[in-house]
Amino acid sequence: MQSTVARDWIHCSLRLVHHLSTGCIVACDLVHQLVMITVASCWFLLEEVPAGFIITNHRLNLSAKAKRCRIHLSTRHRFAIEMAPSVHHTRAAAAALRMKQIALDNQSRMIRCLRAKREIERRESAATKEGLETKLVEANKECKTNQVVLEVSHKAIAGLTEIGLCMSKNIERMKAKKQQARESHMECHHKLQACIQEAEDTIQEQHLIIEALLE
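Those letters in the sequence shown? Residues 733 to 947, by the numbering used here.
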């Protein structure tokens, strides 16, 4: 990826230099210097030399005031770029890029781990949610069943209560009738006793009369 980015960057810079050399774009020497500095700073990222370019191994003087690079356009549009960044600068930049790449790899690995963890948690939460929904549906069904049974029980209790009240009324009525029958029986008994007593008195009087007549 680094090689591809560097190659594209260098190609764009060299194309700009080509336009500057052919006169399509008019610019000062500072633009040439900036473009060549960019090419010189990015050339070491390439793993291999791209086709159509020749690099001559000369030292490039990168001072604070001026950074000189010479570009020659050949008949086949091939560039001969004279540049050679210092070994220390190249190694430091490569080390920095390696550190950045390692950091990016670590971040990518961490992101993948977090995504996998989030996916696992999402699946677990979905399974838990599904289980809770199933339990809730079963609880609702059981609640409805219990409610129906409770209503039936209330109706049965109401019916039994009504039957008990009717039986209580019948019992009270039967007790009243029994009491009336007992009172009637006692009254008849007293009347019968009075009649018997009266008959006995009458018979005794007749015996007395008969005895008196016999004397």
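You may find that some hints are simply not true.
[What the hints assert, rightly or not] Below, in silico cross-link-like pairs of lysine-lysine (DSS-like), each with a Cα-Cα straight-line distance of 25 Å or less:
hint: 1; residue 1: Lys867; residue 2: Lys887
hint: 2; residue 1: Lys861; residue 2: Lys876
hint: 3; residue 1: Lys861; residue 2: Lys873
hint: 4; residue 1: Lys923; residue 2: Lys901
hint: 5; residue 1: Lys887; residue 2: Lys876
hint: 6; residue 1: Lys849; residue 2: Lys861
hint: 7; residue 1: Lys887; residue 2: Lys901
hint: 8; residue 1: Lys887; residue 2: Lys909
Just so you know, the hints here were simulated from the structure itself, not pulled from any lab data.
The structure displayed is predicted, hence computed values, not measured ones.
Hint by hint, here is what the structure shows:
The straight-line distance between the Cα atoms of Lys867 and Lys887 is roughly 30 Å, outside the 25 Å bound, and the hint therefore fails. Distance hint between Lys861 and Lys876 is fulfilled; the C-alpha atoms sit about 22 Å from each other, no more than 25 Å. Between Lys861 and Lys873, the direct Cα distance comes to roughly 18 Å. Compliance with the 25 Å bound is thereby established for this hinted pair. With a C-alpha separation of about 33 Å, the suggested pair Lys923 and Lys901 falls outside the 25 Å cut-off, and the hint is violated.
For a cut-off of 25 Å, the pair hint linking Lys887 to Lys876 stands: about 17 Å separates their Cα positions. Restraint check: the Cα-Cα separation between Lys849 and Lys861 comes to about 18 Å, which is no more than 25 Å; the hinted pair holds. Using a Cα cut-off of 25 Å, the hinted pair Lys887 and Lys901 holds, with the two alpha carbons roughly 21 Å apart. With a C-alpha separation of about 33 Å, the suggested pair Lys887 and Lys909 falls outside the 25 Å cut-off, and the hint is violated.
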